[in-house]
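Student: Protein sequence lines, in the order shown, are assigned to chains A and B. Converting from the first sequence to our numbering requires adding 163 to each position, the first position being numbered 1. Converting from the second sequence to our numbering requires adding 136 to each position, the first position being numbered 1.
If you're looking for bench data, these hints aren't it; they were derived computationally from the structure. All values reported here derive from a predicted model rather than from experimental measurement. Each residue gets a CB set at the ideal place from its N, CA and C atoms; glycine is no exception.
Covered, in the sense of this in silico footprint (three residues per stretch, anywhere, with C-beta under 8 Å from a C-beta of chain B), are these stretches of chain A:
(1) 274–282
(2) 305–318
Some chain A residues near chain B, calculated using beta-carbon distances under 8 Å:
(3) T205
(4) K208
(5) Q269
(6) W298
(7) L300
Next come the chains, spelled out residue by residue.
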Amino acid sequence: MATQIVSGKTAITATINGETRDWLCEPRQTLLEVLRDTLGLTGSKEGCSNGNCGACNVIMDGRLVNTCCVLAVEADETEITTVEGLATPDGLSTLQANFIEGAGLQCGFCTPGFLVSTKALLDKNPNPTDEEIRWWLAGNLCRCTGYDKILSAIKKTIAETNAS
Amino acid sequence: MTTETKYRVIGTRPLRPDGVDKVTGRAIYGADVVLPRMAHGKVLRSPHPHARIISIDTSAAEKVKGVLAVISGRDMPDVTGSVAGGEGGDINMRYASNNVMAHGKALYEGHAVAAVVATSPHIASEALKLITVEYEVLPPVIDVRKAMEANAPILLDDLRTDSGGVKSESASNIAAHLVAEEGDVEKGFAAAAVVVEHEFTFQTVHQGYIEPHACTAEWRSDGQITVWCSTQGSFAVRQQVAAILKHPISQVKVVPTEIGGGFGGKIPVYLEPVAAMLSHKAQRPVRMVMDRTEVLMATGPTPGAYIKVKMGADADGKITAAQGYLAYEAGAYPDSFIGAGMLCLFAPYKLTNVKIDGFDVVVNKPSSTAYRAPGAPIAAFACETVLDEIAEKLGMDSLAIRELNSAVEGDWRAFAPPFTRIGALECVQAAIASDHWNTPLVKEGADGKKRGRGAARGYWGNWDGVSSAIGRLNPDGTVSLLEGSTDIGGSRASIAMMFAEAFGVEYAQVHPSVVDTDTVDYNDVTGGSRTTFGTGYAVYKLAKKMQGEIVEKLAEIWEVAADAITIDGSCYSSNGHSATITQLAKLFEEHGVHINASITAKGNNTSGAFATHIVDVEVDAETGKVEILRYTAVQDAGTAIHPSYVEGQMQGGVAQGIGWALNEGYFYDANCKLKNATLLDYRMPTALDIPPIETIIVEVPQPTHPYGVRGVGEVPIVPPTAAIANAIYDAVGVRLHALPMSPSNVWEALESK
Chain A
164 MATQIVSGKT AITATINGET RDWLCEPRQT LLEVLRDTLG LTGSKEGCSN
214 GNCGACNVIM DGRLVNTCCV LAVEADETEI TTVEGLATPD GLSTLQANFI
264 EGAGLQCGFC TPGFLVSTKA LLDKNPNPTD EEIRWWLAGN LCRCTGYDKI
314 LSAIKKTIAE TNAS
Chain B
137 MTTETKYRVI GTRPLRPDGV DKVTGRAIYG ADVVLPRMAH GKVLRSPHPH
187 ARIISIDTSA AEKVKGVLAV ISGRDMPDVT GSVAGGEGGD INMRYASNNV
237 MAHGKALYEG HAVAAVVATS PHIASEALKL ITVEYEVLPP VIDVRKAMEA
287 NAPILLDDLR TDSGGVKSES ASNIAAHLVA EEGDVEKGFA AAAVVVEHEF
337 TFQTVHQGYI EPHACTAEWR SDGQITVWCS TQGSFAVRQQ VAAILKHPIS
387 QVKVVPTEIG GGFGGKIPVY LEPVAAMLSH KAQRPVRMVM DRTEVLMATG
437 PTPGAYIKVK MGADADGKIT AAQGYLAYEA GAYPDSFIGA GMLCLFAPYK
487 LTNVKIDGFD VVVNKPSSTA YRAPGAPIAA FACETVLDEI AEKLGMDSLA
537 IRELNSAVEG DWRAFAPPFT RIGALECVQA AIASDHWNTP LVKEGADGKK
587 RGRGAARGYW GNWDGVSSAI GRLNPDGTVS LLEGSTDIGG SRASIAMMFA
637 EAFGVEYAQV HPSVVDTDTV DYNDVTGGSR TTFGTGYAVY KLAKKMQGEI
687 VEKLAEIWEV AADAITIDGS CYSSNGHSAT ITQLAKLFEE HGVHINASIT
737 AKGNNTSGAF ATHIVDVEVD AETGKVEILR YTAVQDAGTA IHPSYVEGQM
787 QGGVAQGIGW ALNEGYFYDA NCKLKNATLL DYRMPTALDI PPIETIIVEV
837 PQPTHPYGVR GVGEVPIVPP TAAIANAIYD AVGVRLHALP MSPSNVWEAL
887 ESK
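If we strip away everything but chain A, and leave its shape as in the complex, we get (with noise of 0.2 Å):
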């Protein structure tokens, strides 16, 4: 472990979006706060401070999480994959693109939480239904579209992806 406590603060070690990150964070910061204000990823949005919008998304270990609910210290020796891990410096990726092609983003806010769940999504099930999907995104709030286009931007993006 690479734990130790220096002047109060505890030393982690995560990899974030492929890259090894090391920070000291306070026992009672959030991952979020430390992506946002320590690490300068403020691609995850704060909406809510209790686990209900999703708009602070992050896959961890593979596993979708909140992290407005995640103590910082909680996040060590893991890996972690942000908004800001999406697209390869050849370009967006296909889910990316599909929500700017399609609309799926009106004010944008929710949109690094929806694009960061649905990747957690189809990591885990690439051929989701309809109904798989809404009950997924159900953690993601969105105020502005009506998550119709939301839905067509992903639904494109699994035919795309099925075709190549």
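Using the hints, position chain B against chain A.
Tutor: Just chain B now, with coordinates in the frame of chain A:
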């Protein structure tokens, strides 16, 4: 139903320019701004819905290590007067100041009473607990009808009822009594074969934008204040901050960040003046971010209300008279959009005998603000359910009675000139012709649950307002388009499309940016469905102005008369010369010529927008739960500039309307304390609650806009609550007269049937 392609760019679906930033996490929203030496502010809020503040002792908080300053109402200037608030009229700045930081009295649970700035948000939060406030708790009143009673607790000692310009002698919670009248309602009701009258009650609901309010402010020692914030109107923030802080407006600069939803709720300021004052005291930039509970408790919800509507029709179904009584809860300070509610109440219908009384009433709830078509959805709920009942009593089809009575050009509406060309009738007719209306509904599900279909209409006036933009032709033939309108859901794209259309270039040649208040001229808020209309009008004029400048410069270079130059799309020709914009841009660079233009323009929105919605529901009689099976929204967009974002506005408005209809509402206990100030308990619709929403775009161009734009953002939230209520009646035979139509309320109505 999109008409023939009259345009090159308009009506296509290009990619939005801010899309990449928003899917990669790079877009900077209100809480993402970071400045060197930035400190963090937090607000202490009243636990009482109504209390006099006797004293505030901040000494213990000030001693906490890391605390830089503490402020309360006494640190804020006493202000008077008002500033232009846009669509909702002027903003009374004393009330606005008292709302951001209570002076003397706390008027709702969650009202700001003090604020702390510290080196970390955690320290600031801890220090708040060390502030001692002594309150004299006063009796609260949170129900509009109780607040109107003669012996009700008075919120604002100086408030007098304004009735047509005449003020009441004694203090009252009724801020205004408005009347709109035409013809003779008594005569109209006497001529009716059927008269239906009902009373309705509505809970407070919230806009529910996913991004909580956030800002960063820096008050430098030279007096310059810069505010970075998530807002629907950077100039509105500048005006309000300057007025509340009694600071020269020229020394306030507002930099709008990306905005994570607003729906009207991000027009008033809450944190910005407080952050600036904390910055002044701490001599550091200060960031403030609300948590969700603060958002629900202390930022503008939409008014709760009491409404009574009476309508009569003759045996043929023609409406003979309509009467409304609307009492809206403004919250702690006046202005509940009662006028807008009155305007929208009967607007879809041709009326000759009508009377509407409206009351704007203060209660001990957060100061209400605009929420998408403010005032209209609850008014439409009353009118559209009463009309449905009339149709049923006459044995008429519910859309047929709406078609028969539809308002058209020249018809009366409250508080505004008669309608110009509108698409009201066209929307009803498109609904009647829709696949949804013509597909028979199986009235019972496989498990015995009853199904029903309902329809309803809605109107929103739309606003024009002032917009500004700057255009610069770049040496590569592209145009940098600087806009003052904050982009709340894709307007950079629609505005750039209209500019490209007018300027004769491709969409990809236009690079739009939303800029700060020092860069562009005055611009009204993004609200009132005005941005695509008003800013589109401004950039149309900007494009024409730039074309004029190009012709002028080209005439000098080509040595021809300016009026001998013709423009065909992006190609300029004269006397053997011919060049495209891209070629001209190079030519101008070689000659040291720069094409820059700025515009400030106010469009003239003369009519507004209509919608007709159809919904199928399934009602579980055992639990009262209502499920939406199918939904079709028909709306007149005038001209759909970017159809994907028009559909998106329609679908988003419907989703919010479904939430309002079935789930959402503020729940107060016997002590007038809010019990559901989290997103777990204030339950907004999820992807599981909303079916695919079919959209039918009708295009009846707005006569006063160069491209016929009407504005599309607000009207789609108007019909859903009534359409769903009518569908529930069709399914189970109970008429509901209150929102939300939650499982418990539907179940109770079924039990008492």
